[in-house]
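J.: Here is what each chain is made of, one letter per residue.
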Amino acid sequence: MAVYSLYVINKSGGLIYNRDFAEAARVDTNDSLRLASIWHSLHAIASQLSPVPGCTGIELLEADTFNLHCFQTLTGTKFLLVVDPHASFIPALLLRIYELYSDFVMKNPFYETEQVIKCELFDEAVEALVRRYLQQAQA
Amino acid sequence: MLRGGPPGARNAPSLEQINAEVFTLTYGSIVRQLISDFEDIEEVNKQLEQMGYNMGIRLVDEFLAKAKITRCSSFKDTAEVVAKQALPMFLNVSANVANWSPDQTECSLILTDNPLADFVELPEEHRDLKYCNVLAGVVRGALEMVNMEVECRWVGDMLKGDDCYELRVKLKEHRDEKFPYKDDD
Chain B
1 MAVYSLYVIN
11 KSGGLIYNRD
21 FAEAARVDTN
31 DSLRLASIWH
41 SLHAIASQLS
51 PVPGCTGIEL
61 LEADTFNLHC
71 FQTLTGTKFL
81 LVVDPHASFI
91 PALLLRIYEL
101 YSDFVMKNPF
111 YETEQVIKCE
121 LFDEAVEALV
131 RRYLQQAQA
Chain C
1 MLRGGPPGAR
11 NAPSLEQINA
21 EVFTLTYGSI
31 VRQLISDFED
41 IEEVNKQLEQ
51 MGYNMGIRLV
61 DEFLAKAKIT
71 RCSSFKDTAE
81 VVAKQALPMF
91 LNVSANVANW
101 SPDQTECSLI
111 LTDNPLADFV
121 ELPEEHRDLK
131 YCNVLAGVVR
141 GALEMVNMEV
151 ECRWVGDMLK
161 GDDCYELRVK
171 LKEHRDEKFP
181 YKDDD
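Heads up: the protein sequence lines correspond to chains B and C, in order. With our numbering applied, the first sequence corresponds to residues 1 to 139, in that order. With our numbering applied, the second sequence corresponds to residues 1 to 185, in that order.
Fair warning: there could be bad hints in the mix.
Here are the simulated DSBU-like cross-link-like pairs (lysine-lysine), alpha carbons at most 35 Å apart as the crow flies [said to hold, decoys possible]:
no. : chain 1 : residue 1 : chain 2 : residue 2
1   : C       : K68       : B       : K107
2   : B       : K118      : C       : K160
3   : C       : K46       : B       : K118
4   : C       : K68       : B       : K11
5   : B       : K107      : C       : K170
6   : C       : K160      : B       : K107
7   : B       : K107      : C       : K172
8   : B       : K11       : C       : K46
9   : C       : K84       : C       : K46
10  : C       : K76       : C       : K46
11  : C       : K84       : B       : K107
12  : C       : K68       : B       : K118
13  : B       : K107      : B       : K118
14  : C       : K160      : B       : K11
15  : B       : K11       : C       : K84
16  : C       : K66       : B       : K107
17  : C       : K130      : B       : K107
18  : C       : K172      : B       : K11
19  : C       : K76       : B       : K11
Hint data in this document are derived by calculation from the structure and do not stem from the laboratory. From a predicted model like this one, the values you see are computed outputs, not experimental measurements.
The shape of chain B in the complex, shown without the other chains (with noise of 0.2 Å):
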């Protein structure tokens, strides 16, 4: 049971925040780039493919060695969370995140709109919640 890392993207498909909750996630920044503006295209292509009215696009990736949830918000910004195929409540989990990103990112009167994230409160508060879903997660 894990969670490898997260990644924020803006309306525009720009990777604005990303961080690694495990060392074996590590991704190199460009390659984090690029899996960010090609998830954004993908997410969007996919739901005007879907033969299915309403479809709102990709939200799970399974893979044999991790998931890739997605949770777009109403406002266009997708959360994703890389995380081990065992992993459960992971929507619940990025509702959360969209929580802390309201809370400490929006609110937070220096931060630009659409820019890269560099806001500690939210490092540290993401920190503290993934922590407390792995505590729970075994216990």
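Add chain C to chain B, keeping to what the hints say.
T.: Positioned in the frame of chain B, the structure of chain C alone reads:
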């Protein structure tokens, strides 16, 4: 969120609260400061609206994250959500949605209680001041972030002797929900 006053709508999530008077007084001093800085009431109205807009585009995420609501299906839904969920969550008052235009693109949010203006008496020389214009901006900014371009203006103001505060909200454009790609035409 504000403490005191009647409890808002039932489904307003509990947020950290501040004393309503601190809030009212802070807002009052901002308005005073703007008036002395700009000396032109029209300009003050514009500044208040712009400040509200800047707040709205940030605040909307908090609302969406904490109110746990789903996508609205129509502008009518949206107006109800603003009046019955968003306003209670941030201001501890709820509004009524009324006076729909026949094509359903324009409505009024009616407030009978407004914590922004609790102790305010508008002096004669400032009678053009839209004291609560910040709210108009907040609504515009917040809705813009969910792809609805609206125009907000005050048509009723208790400070000017009306029976209620009436914020007229007009939907100008509802951009496609599917972000942000338009097929090449």
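J.: All the hints need checking, so say for each whether the structure fits it.
T.: Evaluated hints:
Restraint check: the Cα-Cα separation between K68/C and K107/B comes to about 19 Å, which is no more than 35 Å; the hinted pair holds. Between K118/B and K160/C the alpha-carbon distance is near 45 Å, which puts this suggested pair outside the 35 Å criterion. Using a Cα cut-off of 35 Å, the hinted pair K46/C and K118/B holds, with the two alpha carbons roughly 31 Å apart. Restraint check: the Cα-Cα separation between K68/C and K11/B comes to about 20 Å, which is no more than 35 Å; the hinted pair holds.
Restraint check for K107/B and K170/C: the C-alpha separation of about 27 Å stays at or below 35 Å, so the hint holds. Distance hint between K160/C and K107/B is fulfilled; the C-alpha atoms sit about 33 Å from each other, no more than 35 Å. Between the alpha carbons of K107/B and K172/C the distance comes to roughly 28 Å, so the proposed pair stays at or under 35 Å and holds. Pair hint K11/B plus K46/C holds up; C-alpha atoms about 28 Å apart against a cutoff of 35 Å.
This hinted pair checks out: K84/C and K46/C have alpha carbons roughly 27 Å apart, not beyond 35 Å. For the hint linking K76/C to K46/C, the alpha-carbon distance of about 27 Å falls within 35 Å, and the restraint holds. Distance hint between K84/C and K107/B is fulfilled; the C-alpha atoms sit about 23 Å from each other, no more than 35 Å. Annotation: proposed proximity of K68/C to K118/B holds, straight-line Cα distance about 26 Å (limit 35 Å).
Restraint check for K107/B and K118/B: satisfied, since their Cα atoms lie roughly 13 Å apart, inside the 35 Å limit. Distance restraint check for K160/C and K11/B: the Cα-Cα separation of roughly 42 Å exceeds the 35 Å cut-off, and the hinted pair is therefore not satisfied. Between K11/B and K84/C the CA atoms are separated by roughly 28 Å; this keeps the pair inside 35 Å, and the hint holds. For the hint pairing K66/C with K107/B, the CA-to-CA distance comes to about 14 Å; that is within 35 Å, so the pair holds.
In summary, the hint linking K130/C to K107/B is supported, as the alpha carbons are separated by about 25 Å, within the 35 Å threshold. Restraint check: the Cα-Cα separation between K172/C and K11/B comes to about 22 Å, which is no more than 35 Å; the hinted pair holds. Proximity of K76/C to K11/B is assessed by CA-CA distance (about 25 Å); at most 35 Å being required, the pair is judged to hold.
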